Each structure stands twice: as structure tokens, then as C-alpha cells.
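Q: Sequence:
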Amino acid sequence: MIERVHEHIISELQQNGRTDTIFILTAILLNLLTLGVNSGVAAAGRSLTANTVMAMFVALLIVVNMVVILGLLKGKQTRIKLVEGLLKMYRDQEVEGYYDASLLSNYNTRYNLFILAVVFTGIIALVIPFVIR
Numbered sequence: 001m002i003e004r005v006h007e008h009i010i011s012e013l014q015q016n017g018r019t020d021t022i023f024i025l026t027a028i029l030l031n032l033l034t035l036g037v038n039s040g041v042a043a044a045g046r047s048l049t050a051n052t053v054m055a056m057f058v059a060l061l062i063v064v065n066m067v068v069i070l071g072l073l074k075g076k077q078t079r080i081k082l083v084e085g086l087l088k089m090y091r092d093q094e095v096e097g098y099y100d101a102s103l104l105s106n107y108n109t110r111y112n113l114f115i116l117a118v119v120f121t122g123i124i125a126l127v128i129p130f131v132i133r
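The numbering of the sequence shown is this note's numbering, which starts it at 1 and goes up by one.
Honestly, the hints are just simulated from the structure, not real lab data. Do not take every clue at face value.
As the list claims (entries may be wrong) - Restraint-style ranges between C-beta atoms, simulated for each label pair:
hint, residue 1, residue 2, range
1, K74, I10, 14 to 22 Å
2, Q15, V95, 52 to 60 Å
3, I62, G97, 45 to 53 Å
4, G36, V5, 42 to 50 Å
5, I123, K88, 37 to 45 Å
Just so we're clear, the structure is a prediction, and the values are computed from it rather than from any experiment. The C-beta atom is built at its ideal place from N, Cα and C for all residues, glycine as well.
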């Protein structure tokens with residue numbers, strides 16, 4: 001039975017990693033797309049249509065980035081719980097020496113860096129078109 005629990009936790013960790021990758025890539029690609037579109041619109045001039053397009057992309061960027069950041073924070077919490085469960089299982093089975101508990105802090109740092117990358121590209125995507133204007 002313990003093998004099935006272990007397989008389930010490992011499977012959940014893999015799914016968590018895939019989901020986080022999708023979140024990160026989606027946010028960064030959207031940020032870059034918004035940067036390009038809004039920069040082009042800003043350079044083209046100030047019309048009602050241009051302002052509307054920029055406003056819509058800004059709203060989309062803000063909503064998607066908020067969803068991604070919340071998703072990454074939940075992913076971080078989930079990973080911590082799953083790894084803590086693995087560590088407890090390894091202690092109970094007396095094999096905890098094969099898994100370094102410091103990986104938890106490495107995961108936290110990695111998640112914080114991912115969130116920073118998403119936030120920073122989002123800020124750049126918001127600010128640059130208005131500077132161009």
C-alpha cells in the first residue's frame with residue numbers, strides 16, 4: 001500500500017510541475033505579446049480605437065498575471081505539502097537519508113523567482129507602451 005501512496009504523491013508532484021510550467025509560459029508569452037501589440041498601437045497614434053485596444057490588453061494582462069501568480073502560490077503550497085508528506089513517509093520507512101530536506105527551501109526560491117519573472121515581464125509590458133506614447 002505504501003508504494004501506491006508514494007506513486008500517487010510522485011504523480012501529483014509531476015502534475016504540479018506541468019501545471020506550473022503552463023502558468024509561467026502562458027504569462028510570459030502573454031506579457032511579451034501585450035508588449036508588442038501595445039507598443040505598436042502606442043506608436044501608431046492616439047485614437048479611440050487605439051486607446052480601447054490598449055486598455056483591453058492591459059486588462060487582460062492584469063487578470064492573467066493575477067491568476068498565474070495565485071496559481072503559482074497555490075502550486076508552491078501544494079508542492080510543500082506533498083514533499084513534506086514524502087519526507088514523513090521516508091522517515092517512517094527509515095530511508096529519509098536519501099532525500100535532502102533542504103530541497104524545500106530550493107523549491108521556495110524557485111517559485112519566488114518564477115513569480116518575479118512573471119511580475120517583472122508584466123510590469124515591462126504595461127509601462128513600455130505608455131513610455132512610447
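Q: Assuming the hint says 14 to 22 Å, is it satisfied by the Cβ distance from K74 to I10 or not?
A: Because 19 Å falls inside the window, the suggested range holds.
Q: Per the hint of 42 to 50 Å, is the separation of the Cβ atoms of G36 and V5 within bounds?
A: 47 Å, holds
Q: Confirm or reject the claim that I62 and G97 have a C-beta distance inside 45 to 53 Å.
A: 47 Å, holds
Q: Starting from the range 52 to 60 Å, see whether the pair Q15 and V95 falls in it by beta-carbon distance.
A: 24 Å, violated
Q: Please check whether I123 and K88 have a Cβ separation lying inside 37 to 45 Å.
A: Roughly 40 Å apart at Cβ, these two residues keep to the hinted range, so it holds.
Hint compliance for this structure: hint 2 is the single one not met.
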